[in-house]
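Novice: If you read the protein sequences in the order shown, they are chains A and B. Position one of the first sequence corresponds to residue 0 (numbering that gives the first Met the number 0), numbered consecutively onward. Position one of the second sequence corresponds to residue 0 (numbering that gives the first Met the number 0), numbered consecutively onward.
No wet-lab data here; the hints were simulated from the structure. All clues given are correct.
No farther apart than 25 Å at their CA atoms in a straight line, the calculated lysine to any residue pairs in the SDA-like style are these:
no., chain 1, residue 1, chain 2, residue 2
1, B, Lys-114, B, Arg-10
2, B, Lys-81, B, Leu-55
3, B, Lys-81, B, Pro-13
4, B, Lys-2, A, Pro-133
5, B, Lys-2, A, His-366
6, A, Lys-50, A, Leu-5
7, B, Lys-2, A, Leu-361
8, B, Lys-2, A, Pro-359
9, B, Lys-2, A, Pro-328
10, B, Lys-2, A, Val-298
11, B, Lys-2, A, Met-368
12, B, Lys-81, A, Arg-356
13, B, Lys-114, B, Arg-42
14, B, Lys-114, B, Asp-38
15, B, Lys-81, B, Arg-63
16, B, Lys-2, A, Thr-122
17, B, Lys-2, A, Gln-357
18, B, Lys-114, B, Ile-29
19, B, Lys-2, A, Pro-362
20, B, Lys-2, A, Asp-365
21, B, Lys-114, B, Gln-23
22, B, Lys-114, B, Asp-22
23, B, Lys-2, A, Arg-164
24, B, Lys-81, B, Ala-54
25, B, Lys-2, A, Ala-182
26, B, Lys-2, A, Leu-131
27, B, Lys-2, A, His-102
28, B, Lys-2, A, Asn-360
29, B, Lys-2, B, Ser-106
30, B, Lys-2, A, Thr-218
31, B, Lys-2, A, Ser-326
Residues per chain, in single letters:
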Amino acid sequence: MNEALLRSLTPSVLGILVRRGADFAAAEDAVQDALVEAVRVWPAEPPRDPKGWLVTVAWHRFLDATRADTARRRREDLVDEEPAAGPASAVDDTLQLYFLCAHPSLTPPSAVALTLRAVGGLTTRQIAQAYLVPEATMAQRISRAKRTVSGVRFDQPGDVATVLRVLYLVFNEGYSGDVDLAAEAIRLTRQLAAAIDHPEVAGLLALMLLHHARRAARTAPDGSLVPLAEQDRSRWDTESIAEGVEVLQAALARDRLGEFQAQAAIAALHADALTAEETDWVQIVEWYDELTRLTGSPVVRLNRAVAVGEADGARAGLAALAGLDPSLPRHAAVAAYLHERDGDLAMAAGLYAEAARQAPNLPERDHLMRQAARLNARQSR
Amino acid sequence: MAKYLLLKHYRGAPAAVNDVPMDQWTPEEISAHMQYMHDFAVRLEGTGEFVDGQALAPEGTFVRYDGEGRPPVTDGPFAETKDLIAGWMVIDVDSYERAIELAGELSAAPGAGGKPIHEWLEVRPFLGEPPTITE
Numbered sequence: 000m001n002e003a004l005l006r007s008l009t010p011s012v013l014g015i016l017v018r019r020g021a022d023f024a025a026a027e028d029a030v031q032d033a034l035v036e037a038v039r040v041w042p043a044e045p046p047r048d049p050k051g052w053l054v055t056v057a058w059h060r061f062l063d064a065t066r067a068d069t070a071r072r073r074r075e076d077l078v079d080e081e082p083a084a085g086p087a088s089a090v091d092d093t094l095q096l097y098f099l100c101a102h103p104s105l106t107p108p109s110a111v112a113l114t115l116r117a118v119g120g121l122t123t124r125q126i127a128q129a130y131l132v133p134e135a136t137m138a139q140r141i142s143r144a145k146r147t148v149s150g151v152r153f154d155q156p157g158d159v160a161t162v163l164r165v166l167y168l169v170f171n172e173g174y175s176g177d178v179d180l181a182a183e184a185i186r187l188t189r190q191l192a193a194a195i196d197h198p199e200v201a202g203l204l205a206l207m208l209l210h211h212a213r214r215a216a217r218t219a220p221d222g223s224l225v226p227l228a229e230q231d232r233s234r235w236d237t238e239s240i241a242e243g244v245e246v247l248q249a250a251l252a253r254d255r256l257g258e259f260q261a262q263a264a265i266a267a268l269h270a271d272a273l274t275a276e277e278t279d280w281v282q283i284v285e286w287y288d289e290l291t292r293l294t295g296s297p298v299v300r301l302n303r304a305v306a307v308g309e310a311d312g313a314r315a316g317l318a319a320l321a322g323l324d325p326s327l328p329r330h331a332a333v334a335a336y337l338h339e340r341d342g343d344l345a346m347a348a349g350l351y352a353e354a355a356r357q358a359p360n361l362p363e364r365d366h367l368m369r370q371a372a373r374l375n376a377r378q379s380r
Numbered sequence: 000m001a002k003y004l005l006l007k008h009y010r011g012a013p014a015a016v017n018d019v020p021m022d023q024w025t026p027e028e029i030s031a032h033m034q035y036m037h038d039f040a041v042r043l044e045g046t047g048e049f050v051d052g053q054a055l056a057p058e059g060t061f062v063r064y065d066g067e068g069r070p071p072v073t074d075g076p077f078a079e080t081k082d083l084i085a086g087w088m089v090i091d092v093d094s095y096e097r098a099i100e101l102a103g104e105l106s107a108a109p110g111a112g113g114k115p116i117h118e119w120l121e122v123r124p125f126l127g128e129p130p131t132i133t134e
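Working from the sequences, and respecting the hints, build out all of it.
Specialist: Here it is as structure tokens:
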């Protein structure tokens, strides 16, 4: 039984039910039931037409669920009048579902949960495990999200940017429990890229592929972080890099630059360097300039300071850092790094310790604490 | 989404506004307090923000390793320990502001005279996992 195939059919099956007149929330429940049924039945009796099978089962589930409902008659009348799947293609349905699940009326966490379930075909339990919350909490989050979008019409075009933000959030969530959220985000972004021709969708897909390629090298066997410069680059996934670069180049050729393409370009330049020393930091700084222009984000300026430090020396990096708000996340870590490169080990050690106290997660905290300890040990010698 | 610990202290937090020890409340006031806590947790489950809630007994024992083949050394409880945790709630919310808002509501749990305790709760962010994209 191919779970990937099953889950890739989820959005188009759901789209067909909604077009037949089922309300989104009930249709989504019915599709989930059909997926569970497929997992049970398909191994022994593989269907000749998997999608047709899912539509039929989901539709019956939907009718069963609404049978007791007073609205049943009205719904069945509706069914009689409704043309079958209609002229709308599965691609359109899939795209509409992405828009609906990332609707601006939803908070980001709700949009993430709804997207993973309705578009991704994951179960509530899987999503709850991935985000380390009780299943009941996640079930409520999803049902509230469904209520929030219940009045949204299915045929209105949405904003690709909101969808991309949701997919970015899924990818960037570091947890890797039973469900690999990074791989799932790539699958969903790939599926989106097939449904809509948009350079930023391609840019995000490239960004994900290029970062995912480094995954095996990012952590040591003991779970500690390995910084980019120290990673064993032979462990990078060259297939994923090649695909990311190809997707990115096609997007850049369209000459409609956006922040995801610019971020992917930076990742591609890192991927291109066989050793850390070969990194083309001058070009990376140029891309950070583009990113700053596109986003105005202070976090981008902070990362740019690191790149400037590599391209033009630690003093230049510290100068680039000077104008930035010290309360920015990871400001102390960047300052520590640049001061160490500048030779001021005492200052750097103090800043690393401060950065460790402010670190937002354990692996980063431990990494920064080790940096502080390393410098303190060197000075006391 | 970020997880926060709302920490309730027996001791160690600044004094509450309505600072009457629970053993001097009426039984009805205690029930009303418990009901409020319960309803709060149920409401957060409904909003998809609840993760966990637990209460702790005040008595604790300090334990430490005492070398190969020896039983651990225990000490305490220490009556004079300055900071004493009473319990916690873990929430998973959209923002720091939302965590503060919820802690404020929890602090309004009724105490003596049925009036809000206005007790000080400590809000502590969880250290999560590192993001995938770092540069």
